[in-house]
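> Here is how the chains run, residue by residue.
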Amino acid sequence: MILMPRLSLDMPAIEVTDLKKRYGPIEALAGLTMTVGRGEVFGFLGPNGAGKTTTVKLLLGLARPTGGSGKVLGAPIGDLATRRKIGYLPELFRYQQWLKAHEVLTLHGELAGLPRARRGPAADEALRIVGLGDRAGDVVGRFSKGMQQRLGLGVALLGDPALIVLDEPTSALDPVGRVDVRGIVRAAADRGAAVFLNSHLLSEVEQVCDRVAIIDHGRVVASGELDDVLGQAETQVRVTGISASDLPAFERFGPPSLDGDILAIRPMDAAKVPDLVATLVSMGAKVHEVRAGRSSLEQRFLALVARDRPPAGTPSAQRLR
Amino acid sequence: MITIAKLTIGEAARRRVLWVLVILAALAVGLTSWGVWTLVNSARDSAISDLEIKFAVSQILIFIAFMFGFVLVMTAAFFGSPAIATDLESGVAQALLARPLPRASYLLGRWLGLALVMIVYAIVAGLLAIGAVGLVSGYLPPDPFQPVVFLAGQALVLLSLTVLLSTRLPPIAGGAIAVVAYGLAWMAGVLGKIGAVIGISSLVGVSEVTRFLLPTDALWQGVVYGLEPSFVINAVGDQFVARSSPFFADAPPPALLVAWSVAWIVIVLLLAISQLRRREL
Numbered sequence: 001m002i003l004m005p006r007l008s009l010d011m012p013a014i015e016v017t018d019l020k021k022r023y024g025p026i027e028a029l030a031g032l033t034m035t036v037g038r039g040e041v042f043g044f045l046g047p048n049g050a051g052k053t054t055t056v057k058l059l060l061g062l063a064r065p066t067g068g069s070g071k072v073l074g075a076p077i078g079d080l081a082t083r084r085k086i087g088y089l090p091e092l093f094r095y096q097q098w099l100k101a102h103e104v105l106t107l108h109g110e111l112a113g114l115p116r117a118r119r120g121p122a123a124d125e126a127l128r129i130v131g132l133g134d135r136a137g138d139v140v141g142r143f144s145k146g147m148q149q150r151l152g153l154g155v156a157l158l159g160d161p162a163l164i165v166l167d168e169p170t171s172a173l174d175p176v177g178r179v180d181v182r183g184i185v186r187a188a189a190d191r192g193a194a195v196f197l198n199s200h201l202l203s204e205v206e207q208v209c210d211r212v213a214i215i216d217h218g219r220v221v222a223s224g225e226l227d228d229v230l231g232q233a234e235t236q237v238r239v240t241g242i243s244a245s246d247l248p249a250f251e252r253f254g255p256p257s258l259d260g261d262i263l264a265i266r267p268m269d270a271a272k273v274p275d276l277v278a279t280l281v282s283m284g285a286k287v288h289e290v291r292a293g294r295s296s297l298e299q300r301f302l303a304l305v306a307r308d309r310p311p312a313g314t315p316s317a318q319r320l321r
Numbered sequence: 001m002i003t004i005a006k007l008t009i010g011e012a013a014r015r016r017v018l019w020v021l022v023i024l025a026a027l028a029v030g031l032t033s034w035g036v037w038t039l040v041n042s043a044r045d046s047a048i049s050d051l052e053i054k055f056a057v058s059q060i061l062i063f064i065a066f067m068f069g070f071v072l073v074m075t076a077a078f079f080g081s082p083a084i085a086t087d088l089e090s091g092v093a094q095a096l097l098a099r100p101l102p103r104a105s106y107l108l109g110r111w112l113g114l115a116l117v118m119i120v121y122a123i124v125a126g127l128l129a130i131g132a133v134g135l136v137s138g139y140l141p142p143d144p145f146q147p148v149v150f151l152a153g154q155a156l157v158l159l160s161l162t163v164l165l166s167t168r169l170p171p172i173a174g175g176a177i178a179v180v181a182y183g184l185a186w187m188a189g190v191l192g193k194i195g196a197v198i199g200i201s202s203l204v205g206v207s208e209v210t211r212f213l214l215p216t217d218a219l220w221q222g223v224v225y226g227l228e229p230s231f232v233i234n235a236v237g238d239q240f241v242a243r244s245s246p247f248f249a250d251a252p253p254p255a256l257l258v259a260w261s262v263a264w265i266v267i268v269l270l271l272a273i274s275q276l277r278r279r280e281l
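These protein sequence lines map, in sequence, to chains A and B. Using our numbering, you'd call the opening residue of the first sequence number 1 and step up by one each time. Using our numbering, you'd call the opening residue of the second sequence number 1 and step up by one each time.
These are computed hints drawn from the structure, not numbers from a lab. Among these hints, one or two may not hold up.
[As the list claims (entries may be wrong)] Dumping the calculated DSSO-like pairs for lysine-lysine here, alpha-carbon to alpha-carbon at most 30 Å:
id	chain 1	residue 1	chain 2	residue 2
1	A	Lys20	A	Lys71
2	A	Lys286	A	Lys272
3	A	Lys100	B	Lys54
4	A	Lys145	A	Lys100
5	B	Lys6	A	Lys145
Extracted from the complex, chain A is given alone in its bound form (with noise of 0.2 Å):
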């Protein structure tokens, strides 16, 4: 008998200590520690070959770590009974071609312990979310890809997990399809799920995670919200007219620095680019240039991972995803 597993609202959804994986002599994952909250959609970041698809696998239980510990949902990493609340779809998504779509996942229900009751009106519902409502009868076979990925995003939905693993949830998709998505796992989130999103979509993650955690070489090169990892706001304005004399008199606005025509101010709130504009101006300096904002998420993933990345066209070392 398969027992239930508790479950409380602050414990975190996942929690990992240095896990590791080796394969042969090739370190998948190079102790990774990381949490992720309930309720918060949590954006795993990385090239391909990272580690990122190992740590999912490890996470499930579909692969054993070589070292470190963990729980998902406050129980040891494998373990079985918590796989009940847990929705998955892999990033090599594929169900029995035979089934319709509404067996699939009344298949999914019966394995995860959904009452018999429970089983249609959650497929149902699952489908009704990600769009397939009127596809219930379809043979899986007869479905694009896309179609088939979104199945696979009601499989992981099914029966309101309180994990939702989704291993690169919108390769398939349209660009409609993808907006789908972020729609659908912000509603997951707000329902009080957490959502561990694997994905190397710089942009989607940016839209929709809460926290995110960018992995390289099989470690996190950094982590935190979304906020901490992109940096601090920063203006950069483009003058002449002012010299590193007249310095002090931007410290209002943040700590300035001058590097030949570029004043820098960082960090600086953009609500003050204004005041900062009119200050100028009335120095008689002349403004070219402004711009404000911070790093995209796009800048700084490539800062962080293409530091130790052999330059384009030599061999680089064996990766494993």
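Given the coordinates of chain A, work out where chain B should sit on it, guided by the hints.
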């Protein structure tokens, strides 16, 4: 386990495998009956004695059983070799095993579903063939149930072997290995019989080791014995040629060997579970 077994049977039905088996069985039974009916009528017209006709029909039935057994073994190999491998390769297994489904339940469910299909097919088609031949010729073997049970047993041995191979090897490789192993075991059985008749102990030893490693030939002995009429066994006596034939048996397989065949299936399934548990998905 039951969920996966039902899913497996459903797959066989939905993919029209069951219908193909039903049609093949109907064709085989129809053609066999027609052939035996023609043979018996021609023999009666030629004033051949009833005893000779009975002998001929009994030997034809044994040969039909051999062919049917081979078809069953091939079917078992075709069923078993992709059973796990295809799910692992395609990714279907990842989605299933991320659920609270123990790997043992998944594997046993796959095996059970296929085993039930094989057992029902072997028993229904086998009994239909024996019954149809009995109807047109008037000859029924001493115990019609025993040979079909042993035929089903042969299929289960091959099914279990291919399911084990399927946890590690691609479908084609697993199926090929199992069919070749079956052929070798059958050959070893033939050589063992010749060795026993002419007194070459090494041949007998090879045969017995082979029966231990893959007990299909021991089960084949049960099929033949169940189909062999007693007057043929008595008439053959010590005749060298007849006793060394793979289509003759004057005794059922030893009970210990039959028990070993059952234990063999259990051991192979435990090995398969162990292999699947150790496999990283």
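> Against each hint, give a clear statement of whether it holds in the structure.
Evaluated hints:
1. Note on Lys20 of chain A and Lys71 of chain A: the hinted pairing holds, with a Cα-Cα distance of about 14 Å set against a maximum of 30 Å.
2. With a C-alpha separation of about 18 Å, the suggested pairing of Lys286 of chain A with Lys272 of chain A holds against the 30 Å cut-off.
3. Distance check on the hinted pair: Lys100 of chain A and Lys54 of chain B sit about 53 Å apart at the alpha-carbon level, beyond 30 Å; violated.
4. Restraint check: the Cα-Cα separation between Lys145 of chain A and Lys100 of chain A comes to about 15 Å, which is no more than 30 Å; the hinted pair holds.
5. With a C-alpha separation of about 27 Å, the suggested pair Lys6 of chain B and Lys145 of chain A falls inside the 30 Å cut-off, and the hint holds.
Comparing the model with each earlier hint shows a violation of hint 3 alone; every other hint is respected.
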